[in-house]
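A.B. asks: Residue-level listing of the chains:
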Amino acid sequence: METMIQVKDVSKTFVGKENTVEALKGINLEIHRGEIYGIIGMSGAGKSTLVRCLNFLEKPTEGTVIVEGKDLSSLPDKELRLMRTQIAMIFQHFNLLMQRTVLDNICFPLEIVGKKKKEAREKAKELLEIVGLSEKAGAYPAQLSGGQKQRVAIARALATNPKILLCDEATSALDPTTTKSILALLKDINVRYGITIVIITHEMAVVQEICTHVAIIDGGSLAETGTVEEVFARPRSAAAKRLVFQNGGNYEEMKGKHCIRIVFKENSSFEPVIANMVLECKTPVNILLADTKDIGGVAHGQMVLQLPEDKITAGKMITYLKDRRLEVEELDNYVG
Amino acid sequence: MWDSAMILMLAKETGITLYMTLVSTILAYVIGLPMGILLVITAKDGLKPNAVVYKILDVVVNVVRSIPFLILLMLLIPFTRFVVGKSYGATATIVPLTMAAAPFIARLVESSLLEVDRGVVEAAQSMGAGTGTIVWKVLLMEARTSLIVGATIALGTILGYSAMAGAVGGGGLGDVAIRYGYHRYQVDIMAVTVALLIILVQILQWIGTRISKKMDKRITG
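Residue numbers (my numbering), protein chains in the order written: chain B, 1 to 336; chain F, 1 to 221.
Hint data in this document are derived by calculation from the structure and do not stem from the laboratory.
Some hints could be false.
In silico BS3-like pairs for lysine-lysine, Cα to Cα no more than 25 Å straight-line [unchecked claim]: (1) B:282 <-> B:311; (2) F:137 <-> B:117; (3) F:55 <-> B:136; (4) B:17 <-> F:44; (5) F:137 <-> B:125; (6) B:17 <-> F:55; (7) F:137 <-> B:17; (8) F:217 <-> B:59; (9) B:311 <-> B:293; (10) B:136 <-> B:180; (11) B:293 <-> B:282; (12) B:136 <-> F:137; (13) F:137 <-> B:123; (14) F:137 <-> B:115; (15) B:136 <-> B:115; (16) B:59 <-> B:70; (17) F:137 <-> B:78; (18) B:125 <-> F:217; (19) B:70 <-> B:17.
Next up, chain F with everything else stripped away, as it sits in the complex:
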């Protein structure tokens, strides 16, 4: 059973999992990062308070986040079909993955940016900095370690979601685990896929922690 075809298949599916995870994370950041920034600046004590924008974003984020991923996956099938042309396979999975992850990322970004010392923002305002400069050069730069930590968490979560997408023909390691391990009772293959998923998360976590540590200048020495 452990022939080269099997190993090749596992390697290919690992690649697909990584592809889904990375592309979804990037796309989710494209949506989630601006959302997180907007949440921070439109909040009541933010740079440009705007109750309407804040409330809408807040509700959207909460609603999407409270829908279980599997259900969202199915709810989004028509939309996915519209965007990708089909509703199964790795590329199609990217659509619901991105949609599910974006609000989660918005919250991660929001909490990272809120960690930035109010006083530093005030100092920038006292120097005549505009909102754009403050967001870019103060909030994002000062929160960068926290943002990287958040991105690592996001990657791990999205990797987990991508495995879940295997249940509905999403491709990747989750798909393998369900098809071979669950439907065919091949426990050893299930174990191998789980081990691969664990290794992937560990590697991502290790890289994320290293980068964030390297970037953090708040620690002396």
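In isolation and in its complexed conformation, chain B is listed as follows:
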């Protein structure tokens, strides 16, 4: 697949009066056309700095970013600005012009590229229709709800027909229902226009909902990258495990009790696997956690089981589960 964004050894250091902060340390990423790429991390991990490096709102201290074959660090100011009209961005706090109507807000990026007023208004009206806010054209941002403001911001972002849409915590200020509708809109845009979307978030749920790929960033470094399914099913790094278990009970408590984590995919839900395993091995197991997550529209279940102390039975159970093509991960490997 065609590479859209290539992040090459990007480091960013902020030099302050008292201390210097290494926000990013040698990040390498490759994002392809049409992907919805999630960049997830705890707050302060450096993800907002990273997304600002993708359109050079922050210039990396070291390394560079290549968008559609163009090295952003080599572009003169004017060309960089032209490039930015192709890399739209939406924000956590929407950042709409408060003194302009909804329609004029959407016209703003078109004014920047020098479109005629009449054409700009036509285009803005079309976009308002796409985001479902036609009746709000004459309203001011202060009269809109958070979800509506983000819809206006999305319409504004699409005005210049960008190839890339960067979303910086775009749903973090919204309630869960509104978040879902905004994510659905983003997905629709991705499918309809083939726009590559990069989503910065601290919520695993957002990544699971729409992302195809994910990069986990921790303490300014890249901890893990891969498809969302891969990372969810087999989180390798500690940061990834923390995120996968984010809303799944207390991971710490399960350490050292000979626990395993199993991941079910849709095709494994027909057979009562655990019940059959218990019957087969004639030893009960303790279910510590069970939940289902929706990843890209496919239900994924996960379960944490405490196995019997007896090593032979436990081994048998693991083999049994693996034979049924389930992802099995032994959690007690991580003790101490």
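Fit chain F to the given chain B structure using the hints.
C.D. replies: Chain F only, in chain B's frame:
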């Protein structure tokens, strides 16, 4: 004493006060507005950081602002004479008024522009907007209510300064108050001029507040 000549004189001097105030304010904005904009964009976290330009402007503004107006008025006499041809009268007063007000206005403009949400500026940058577009369409437009409020404050202050200029033959209501009220002990005329000055400030304030409210779209409903 309250004959038509007196009333005519008061009306004329009110007109002169307004003339000095308005013309000085406009001229002071011609100088102060770009200064304020430059202060914002050359600041350390501004659009085009430039420590040298920022520092020079900052010092100039602070120095001029710390000179008391009456002293500035006298310091500037040679300059005023050079520009206007004489150092007394209403038109001559406009020169020191403008000079004193410009740095004050630069600070007012600076603080108004700094109120604009950083995020909105960042959004404009992410759309590929250049510095000119951001200053014109984002900073000035988004800060317009605050700028109008600032202009109202500036008008009131300059009106006050113009009255002070009366002390050195500047003309206008301040001149009347000093000549009749102070030198001739005509307290009633002093009271009338003060009342007129208060009314002028009230009217200007009322107009300013109305315009700024009307322009502000941040309030719902």
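A.B. asks: Where does the structure disagree with the numbered hints, that is, which hint numbers, in rising order?
C.D. replies: 3, 7, 8, 9, 11, 19
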